[in-house]
Amino acid sequence: MTTLVPVTYKGGVYRHDEIMDLIDDLGGYIVQKHVMAQDVVLQSFVPRDDIDLIRQIAKPLAGEVVEAPLVGTEIAVVSPSLEIHHLPHTSCDTAEYLRRAGAKTNMVGLSRGFGKRIANLNDEERDVINEHDLAVYVLGSFEECIRQKFPVLRRGIHVPIVVTASPDRETLMRIIDPPVEGYVGGVGRIMHRFKRPEELAKLDELVDEVSRTLDARRDELARDPLSVFPPRLMAIVEEQIHEVTMLTHPTPVTAQMEGLRVKLPYDLYADAVRALKVADGVTVGDIADVTPSRMRNYILIRIKPFSETRVLV
Amino acid sequence: MPPLNYFVVESPDEVGRDAYERIAGDVLQDLDLIKVVDRLHIYVDPKVPIFVAAGVLRHMPRAIRVADFANVNRSENEIVFDIGDETYLAPLLQRLWILYGKENVEQPDRFTVVLPAGTAGEEDLEQMVVADPSETLYKDVIYALQYIAPEGFKIRRQYIRDGKFYYVASEDTLPVDIVETMVVPIFEKMGVTL
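Quick note, the sequences are listed as chains A and B, same order.
Position 199 of the first sequence, counting from 1, maps to 213 under the working numbering, and the rest follow consecutively.
Position 149 of the second sequence, counting from 1, maps to 424 under the working numbering, and the rest follow consecutively.
Treat the hints as calculated values from the structure; they're not laboratory data.
All C-beta atoms, glycine included, are put in the ideal place defined by N, C-alpha and C.
Any given hint might turn out to be false.
[What the hints assert, rightly or not] Straight-line distance between alpha carbons at most 20 Å, and here's what the computed EDC-like set of lysine to aspartate or glutamate pairs gives:
1) Lys-216/A / Asp-293/B
2) Lys-47/A / Glu-252/A
3) Lys-209/A / Glu-296/B
4) Lys-291/A / Glu-252/A
5) Lys-439/B / Asp-407/B
6) Lys-414/B / Glu-97/A
7) Lys-439/B / Glu-401/B
8) Lys-322/B / Asp-285/A
9) Lys-209/A / Asp-301/B
10) Lys-209/A / Glu-463/B
11) Lys-209/A / Asp-305/B
[Stated by the list, open to error] DEER-style ranges, computed between Cβ atoms:
12) Thr-411/B / Pro-306/A: 35 to 41 Å
13) Thr-411/B / Arg-183/A: 38 to 44 Å
14) Lys-209/A / Leu-306/B: 54 to 60 Å
All chains, please: the whole structure from these sequences, using the hints.
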């Protein structure tokens, strides 16, 4: 079986459709396509052996192919509030940097995430965060505050968490109990754009920490693989439900590590999604849970593992 | 670091102290207050919890009069304002519209405003106050402190008068005598009496 690796293709609009066709022909999947003025960014999964071929074909088009560890993941960037104390710099820069590594990031601004005594997390916020593959908590400067409020902010969250804050990594490891999956110290409240080398180095550290955490999850998944590879199911949804192509969202269907978020109303389309044929005699309903998402009225598809369905498409 | 004459951030948490020093510098720079604030002392202790910022303003900008940015030339049948700096043109027009009516105020080009001679009488147009930057400056200083203070510290007491200001905030109810116990000693460290 060919291994698909996550890569980002960056190039011009001119003849980029050839690259898209090529990825398709090689058996890869395009998870996200961004057209920005004359530039195109394709987040995709391609067979490892064919990366050089894509590079070769992209060369005359001045396109480049880089490995992007976070393609096909949806990450929540959790900020204690959407006030000027956290935005735009700390939260947005973090989210944007993760996006560059291929992730689809959503900013979750808590309604009452500030203050060490008064901080809390409501059920909607908890459920929305749990719909992601990973949550990055962007916290502040004081050790004391993090120690007191973090247990509240993580209550009920079962996805992996990476914490960023001002105290150094060792301090964070000491004060956060039970431990979380990743720590990045020395970030905290920064009131200017991340542009100094040491600040960018911290963001790189964050990407490493996030990809390390997600790799661990990928390894677990490899032991009991999903019934269908999410980007493959994404291609099927996009092909068969034509309303998806009419949505104006940047990512009408968002690929996650273990499922998809389809940005169509659940009430109207859930049955159509369940009935979609994935392979001969296998429908989406057989291999996945199709549930309403807490994010607006979207549909959330959670793909079941092979051990449960005995189907591998 | 901003060129303040006195800038101190105190906190029992060393990492937090450094972070707040950077935050305060960035915020003052962003809001263009570095030239306005002369001395600033911040004390923040998340364990209490308390945030105190006290300081002295360099000088309050005075009111802007017509003579500061325009020449007024009276002739027999019209009064011509020859505008040197456009910054305060909009408030000047507003003021003239209110006083003499929109139909009487003409602006043939960007740098000229014309009034018919009869409208304005004998008053001293050069000395007319057009804008008072200190009004917004107070708001800017308090906004900056709100911005610097930790977000959860929602309960606050603020003061700005005669070039001195303080801002005390906490998550819990502030003690009645907080100004005497916390703010006055900080002003003393700066060599100022409140």
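Here is how each hint holds up against the structure:
1. Of the pairs offered as hints, the one joining Lys-216/A and Asp-293/B holds, with about 17 Å between alpha carbons and a cut-off of 20 Å not exceeded.
2. Restraint check: the Cα-Cα separation between Lys-47/A and Glu-252/A comes to about 13 Å, which is no more than 20 Å; the hinted pair holds.
3. For the suggested pair Lys-209/A and Glu-296/B, the alpha carbons sit about 18 Å apart, so the restraint of at most 20 Å is met.
4. With a CA separation close to 12 Å, the supplied pair Lys-291/A and Glu-252/A stays within the 20 Å bound.
5. The hinted pair formed by Lys-439/B and Asp-407/B meets the criterion: a straight-line CA distance of about 18 Å does not exceed 20 Å.
6. For the given pair, Lys-414/B sits about 18 Å from Glu-97/A by alpha-carbon distance, which is consistent with the 20 Å threshold.
7. A distance of roughly 31 Å separates the Cα atoms of Lys-439/B and Glu-401/B; the hinted pair therefore is violated under the 20 Å criterion.
8. Simply put, Lys-322/B and Asp-285/A have alpha-carbon atoms about 54 Å apart, too far for the 20 Å limit, and the pair is violated.
9. Distance check on the hinted pair: Lys-209/A and Asp-301/B sit about 14 Å apart at the alpha-carbon level, within 20 Å; holds.
10. Distance check on the hinted pair: Lys-209/A and Glu-463/B sit about 38 Å apart at the alpha-carbon level, beyond 20 Å; violated.
11. For a cut-off of 20 Å, the pair hint linking Lys-209/A to Asp-305/B stands: about 16 Å separates their Cα positions.
12. For Thr-411/B paired with Pro-306/A, a C-beta distance near 49 Å fails the hint of 35 to 41 Å.
13. Checked against the hint of 38 to 44 Å, the pair Thr-411/B and Arg-183/A passes, with Cβ atoms roughly 43 Å apart.
14. Evaluation of the 54 to 60 Å hint for Lys-209/A and Leu-306/B yields a failure: the beta carbon distance comes to about 19 Å.
Against the hints set out earlier in the document, violations occur for numbers 7, 8, 10, 12 and 14.
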